[in-house]
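K.L.:
Taking the hints as your guide, dock the two standalone chains into a single complex.
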Amino acid sequence: MPDRPLSKGCYVEDDQDIQRIVRLSLEKVGKMTVEVVSDPNSAVEAMKRFVPDLVLLDWMMPGMDGPTLFRKMRQIPELSALPVVFITAKASQSEMEELAALGAAGAISKPFSPKDLPDQLREIWAKLP
Amino acid sequence: MRERADPRLVLADRVEELYGQMWLGILATFAIGAIATFEFWDPRMRDLVLFWWGLVLLVSSASAGLLYAYRRSADRTRQPEQWLRWLGIAALALGATWGFAGAVFFPSHTDEQQVFLAFLLAGMMSGGIPVYAASWPIFALYAGGIVVPFTYVLATFGNRLFIEIALLVPMFYAINVAVAYRLTQVFHAGYRLRHAYGKLTEDYSVLNQRLERQLGELEDARRQVEASGRKLSLFAERAPIAVLEITPEGLVSQVNPGAELLFGFAADELTGLHVKDRLVLPEFRGEFERQWQQLIASREPVVGLKIRTPRRDGLQVVCEWTVTPLVNSEGSLIAVIAQGQDVTRELEAERMKKEFTSTLSHELRTPLTSIIGSLQLINSGVLGDMPQDVAELTAVAERNGTRLLDLINDILDIEKIESGKVSLVQEVLRLGDLVREAMVLNKAFAERFKVRFEFVGQAPHGSPERTVHADRKRLLQVMTNLLSNAAKFSPEGGVVEITLYEHGTDLRVGVHDRGPGIPDSFRSRIFARFAQADSTTARQKGGTGLGLAISKRLVEMMHGRIGFEPREGGGTTFWFDLPRHHS
Numbered sequence: 009m010p011d012r013p014l015s016k017g018c019y020v021e022d023d024q025d026i027q028r029i030v031r032l033s034l035e036k037v038g039k040m041t042v043e044v045v046s047d048p049n050s051a052v053e054a055m056k057r058f059v060p061d062l063v064l065l066d067w068m069m070p071g072m073d074g075p076t077l078f079r080k081m082r083q084i085p086e087l088s089a090l091p092v093v094f095i096t097a098k099a100s101q102s103e104m105e106e107l108a109a110l111g112a113a114g115a116i117s118k119p120f121s122p123k124d125l126p127d128q129l130r131e132i133w134a135k136l137p
Numbered sequence: 003m004r005e006r007a008d009p010r011l012v013l014a015d016r017v018e019e020l021y022g023q024m025w026l027g028i029l030a031t032f033a034i035g036a037i038a039t040f041e042f043w044d045p046r047m048r049d050l051v052l053f054w055w056g057l058v059l060l061v062s063s064a065s066a067g068l069l070y071a072y073r074r075s076a077d078r079t080r081q082p083e084q085w086l087r088w089l090g091i092a093a094l095a096l097g098a099t100w101g102f103a104g105a106v107f108f109p110s111h112t113d114e115q116q117v118f119l120a121f122l123l124a125g126m127m128s129g130g131i132p133v134y135a136a137s138w139p140i141f142a143l144y145a146g147g148i149v150v151p152f153t154y155v156l157a158t159f160g161n162r163l164f165i166e167i168a169l170l171v172p173m174f175y176a177i178n179v180a181v182a183y184r185l186t187q188v189f190h191a192g193y194r195l196r197h198a199y200g201k202l203t204e205d206y207s208v209l210n211q212r213l214e215r216q217l218g219e220l221e222d223a224r225r226q227v228e229a230s231g232r233k234l235s236l237f238a239e240r241a242p243i244a245v246l247e248i249t250p251e252g253l254v255s256q257v258n259p260g261a262e263l264l265f266g267f268a269a270d271e272l273t274g275l276h277v278k279d280r281l282v283l284p285e286f287r288g289e290f291e292r293q294w295q296q297l298i299a300s301r302e303p304v305v306g307l308k309i310r311t312p313r314r315d316g317l318q319v320v321c322e323w324t325v326t327p328l329v330n331s332e333g334s335l336i337a338v339i340a341q342g343q344d345v346t347r348e349l350e351a352e353r354m355k356k357e358f359t360s361t362l363s364h365e366l367r368t369p370l371t372s373i374i375g376s377l378q379l380i381n382s383g384v385l386g387d388m389p390q391d392v393a394e395l396t397a398v399a400e401r402n403g404t405r406l407l408d409l410i411n412d413i414l415d416i417e418k419i420e421s422g423k424v425s426l427v428q429e430v431l432r433l434g435d436l437v438r439e440a441m442v443l444n445k446a447f448a449e450r451f452k453v454r455f456e457f458v459g460q461a462p463h464g465s466p467e468r469t470v471h472a473d474r475k476r477l478l479q480v481m482t483n484l485l486s487n488a489a490k491f492s493p494e495g496g497v498v499e500i501t502l503y504e505h506g507t508d509l510r511v512g513v514h515d516r517g518p519g520i521p522d523s524f525r526s527r528i529f530a531r532f533a534q535a536d537s538t539t540a541r542q543k544g545g546t547g548l549g550l551a552i553s554k555r556l557v558e559m560m561h562g563r564i565g566f567e568p569r570e571g572g573g574t575t576f577w578f579d580l581p582r583h584h585s
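Sequences listed follow chains A and B, in order.
Each residue of the first sequence is one higher than the one before, starting from 9 at the first, in my numbering.
Each residue of the second sequence is one higher than the one before, starting from 3 at the first, in my numbering.
Extracted from the complex, chain B is given alone in its bound form (with noise of 0.2 angstroms):
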């Protein structure tokens, strides 16, 4: 434990308490010097004790000088070695001014005055050892002072009693070291315990700090959990969807009344059994199992999981699950806990929108088949020729007839786009190749609007690593829209331009109207769909305003992009790029 004290601490500590005897050896030096001048005097010596004297007064002033100084100091405890080697300084003049005296007195006075120094001296010795104490060798050069001249003087006297006593001298002064050396060991011992002491003290109160601080914050850390448990539950009892708790076992533990509600058994006949002897349906309970073994060994969360469940009145009701398995920080699972959401309704929805659109596809198709064949068959003039009013009525017919199975066949093909029930018939394709094909296709239409098409730039045929892979007769019908909206769109005697280059690291088709251009309250719908600027532009023109919309979907499933921007001195450029293939 005193290892923990700081050396340095340690030792300003007794240079402090050093300095804070230094006052009594000042005072005792200051009274005993005058006392001893007032006895020694004598004037046939009368310069060498006025001397004495002074030097008396001097080193007593210099030294309060000296503590005065330490007093006033404030580096008292950074630099204790340097106020040390000053009291050293002043311990050694202060001996060596008794020293001094016992030098010069002793040989020219009186027996009895004799007797009288070697006492002081020997006092003056002796009351050293308190006031050096707490440094042993601060009492030595102290003592030293006192000791080596006066010994001298003994020892070269010519008495041989003196000599003894020069002798014997050297003894006492080893033995008063030897004590104040041992006085300096217990004060050492002392003041290292007490700093050892203070700085335990102190690590203690900052420990506590710590402790108080990390108990608050665990207080309020379990007040929150606490709270965001309460929220949580809260979350659970009022949620519209079922939240059960199940156990690893696949034991359920708690239900909400989103639970109780959908499946109509209560709280309690649905805990303590396992999950899927009320739940799962007999004849998936095998399946169930397998999954549920899976889930316990991945401790993965499963989304999207679809169960049909008995409910307790015998109806079923088909949930989709997502499922979470807890697992705590010592990485054992604790708890599963799945939330399921009533999908009964969409799962019927989705399969009556399927049926519709097979409705559509048969029902509707068969009944035009014979509208539009009869009325062509009419408006062909083979059965004969009809009154003009009548000609033009069955035009009318045919062509919203035209009209309707066009936007059958769209709503048909959106959906088995958006289905993911069409599988493109990819091949490498002369991008060029298929430009042209669709050009010619599409003529006949153009002219209905007496509009051109004019393929812009180096030719079709060109190029023949211009190839992408593609699907051809998607591709055709995505060109078709394209080019079918520039015909449709563009002035009379008009010309669509058509262009094909390279666009990075892709093939760009480009069609060039002169129409009207796309109005900006549309174009951020302008590939949603039946998405028409203007409603009454498409019964003039037909259309079924789900072109765009499939053949973007058409266009990004071969992996490319489309789109559009206004033409410079007006009219509108339709693009899409597909990835070049490279063989």
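Chain A on its own, in the form it takes in the complex (with noise of 0.2 angstroms):
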């Protein structure tokens, strides 16, 4: 378990409404600091400039998917270590293993309850080591 509690948050979304409704929650409900990219080419320089705790990746949008974005995120020194959690609308058994192989922190499948979000994030960064 980390030592200091979550409370900055990054979010990688190409669609603007579930945008508005992440940061919503995670600012009103879950009192966290959210910074929201839209395109994710432009992600990895929103890491480097806001250092999350922990980012969400969208795992399908155009350009480029989350797991895509999450592998070239490995590469990069800065982000190597960040706990990583993927929303997705499609969680069949074959791509949570995908997922867990990836070494994400966790997953939350769509559609997910705004009012629960911060707390099923908290409860993935407890976990961490």
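Think of the hints as simulated: they come from the structure by calculation, not from any bench.
Every value quoted in this text rests on a predicted model; they were computed, and no experiment measured them.
A portion of the hints provided could be inaccurate.
Claimed, not checked - Taking beta-carbon pairs under 8 angstroms as the criterion, some of the chain A residues facing chain B (in silico): (1) Asp23; (2) Asp25; (3) Ile26; (4) Ile29; (5) Leu32; (6) Ser33; (7) Lys36; (8) Val37; (9) Ala97; (10) Lys118; (11) Pro119; (12) Ser121; (13) Pro122; (14) Lys123.
Ideal Cβ placement from N, Cα and C applies to all residues, glycine included.
P.N.:
Right under this line is the structure:
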């Protein structure tokens, strides 16, 4: 368990509406600071600048999907240790296994409840080494 | 051929012949006896002559009586041996009568009368040959009766000439018997032939009748075959499906109008060509050839073979074929009948359904996520207080949004189950633990209806051996369905009882409610899709009408059964059985 509480999250998602809901959920319910990135291609720069505690990635995005972005992050020293949680609408057994193999910290299936999202993330956070 | 004659019938015929001649013998004895009586009349021997005449009358009338009895008898053919014996006795008696005459009258009469007697006896003996020709032993008896006493008298007379005659008489006797024997043989052969021929004629007429009957049957069969052939070709001709007759070499020999219509080729554009040249796409011809060889080798019908076929106009149709090799009674393949149904539209519909399902999955769920998420945030109060009316309406919106999402999830779920895309992750589970977990998971839901779950009977943790081989997540889904249904339909403040017990070789989980019960009219379709007894309940209490349908399929995938029954004192028990796992 990390020695500090979860307070900064970065969310990469192309859908503006979901962005807004997650931002409100994390800020208002979870009392966190949130940086939302719409374009996965600029996500690495944003993360380097913002230095979040945890990264939320959408699975399906135009241009670059979540797993690709995740692999790219692993190549970058400053970002390689960041815990990553996927938000995905498809949650079949094989995909969950794929996520675990990639070294993801967790997965939250769509549709999620914005009321419960911060608690879910804190639960994942608490289980981290 | 003679051996075909029945020997009993042959004997009966001979007996018949003998009796047929008998009246001649009787008449001759009577008439010649009368003449002899007149000739030998002598007042000195009055008693002896009268005695002999009486003997003639007695034997003649007894023989006549026998003849009469034979004529009247019904068992002539069945008892020929018996009648032959009686005839033998009669013949011996007749012969002996004349022998008696020879013995008593010969010594006491004049020379002329002796000549008369000898002549008489010789005549009587030789006359017996034709009369008894059908049976030489009877003739031998008859003639013996005449000859033996007469020969004895001649031999003992004391006259050299008479002794010489006495030596000659047995010789004549023997010759006569030999002639009779020959005649008997001739008669016998004749009768045997007659019977054999009769039997042959009989056999022939039976054979003839049988042949005629078989010819008739054959004709009927031919007519039937012709009729069914006409019927069959009519079926093929009018059928909306394509029917092809193909030779074992793969050449099309006949096509029906259905095939012409379906593929756009005229019949003569298809016949004579290899079936793959016109009706199979070039890239699939190799595969087709392989399957065709397999079909020819196995001679087993193939059902449900889908082949994409280019039409004459360039469009493609997909047909589902039923291919039947025709094998004749000698076991050789004569033709292959292929019946094809156009399934292009069905396949297109199937594809669209799949597309629609995946659209549902993503395109509907994404906006719903936003809608429900927004409403949840608003209703959670973190964004600030709202006027009462607004709060009520956003609550309605959230509830219905959730219901819509549930519905979509359930449709996707049942779609996946029915298309066989759900694979279970089966593991050995303690059923009691799973039931307890499901009760905890659904506690909050039940509380909304002010309903409590209660485990009745043995504690769920009590029996570690109560294990099943099942998919944990899917079984929880089934339990959730049953528990939430029970909670929804229970009266406020009610208790839903849950049981777990052994049921035969299975384990049975029961969920017992005190709800209104299942209406009779609804029982038969309770496990059907979108089944809800009362659509207003659905609106009030939620539910998609798919829960039980999904549960049934899931339980059956785990080799179990699901069912329900009315509960004593009101309410319903839903149960499912799963085979017990033995480690």
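K.L.:
Determine for every hint whether it applies to the structure shown.
P.N.:
Right, here's what the structure says about each hint:
Checking Asp23 (chain A) against chain B: minimum C-beta separation of about 7 angstroms stays under 8 angstroms; hint holds. Annotation: Asp25 (chain A) was flagged as interfacial toward chain B, and the flag holds, the nearest CB pair being 4 angstroms apart, inside 8 angstroms. Interface restraint check: Ile26 (chain A) against chain B, minimum CB-CB distance 6 angstroms, threshold 8 angstroms, status holds. Among the interface hints, the one on Ile29 (chain A) holds; its C-beta lies about 4 angstroms from the nearest C-beta in chain B, closer than the 8 angstroms criterion.
A least Cβ separation of about 5 angstroms between Leu32 (chain A) and chain B falls short of the 8 angstroms threshold, and the interface hint therefore holds. The interface hint given for Ser33 (chain A) holds, since its Cβ lies 6 angstroms from the closest Cβ of chain B, which is under the 8 angstroms cut-off. Below 8 angstroms, beta-carbon pairs count as interface contacts, and Lys36 (chain A) has one with chain B at about 4 angstroms; its hint therefore holds. Look at Val37 (chain A): its Cβ gets to within about 5 angstroms of chain B, closer than 8 angstroms, so that hint holds up.
The closest approach between the C-beta of Ala97 (chain A) and any C-beta of chain B is roughly 6 angstroms, which is under the 8 angstroms cut-off, so the hint is satisfied. A least Cβ separation of about 5 angstroms between Lys118 (chain A) and chain B falls short of the 8 angstroms threshold, and the interface hint therefore holds. Hint status for Pro119 (chain A) relative to chain B: holds, with the closest Cβ pair at about 4 angstroms, below 8 angstroms. A least Cβ separation of about 6 angstroms between Ser121 (chain A) and chain B falls short of the 8 angstroms threshold, and the interface hint therefore holds.
Hint status for Pro122 (chain A) relative to chain B: holds, with the closest Cβ pair at about 5 angstroms, below 8 angstroms. The beta carbon of Lys123 (chain A) is positioned within 8 angstroms of a beta carbon in chain B (closest approach about 5 angstroms), and the interface hint is therefore held.
Hint check: no violations occur; every hint is consistent with the structure.
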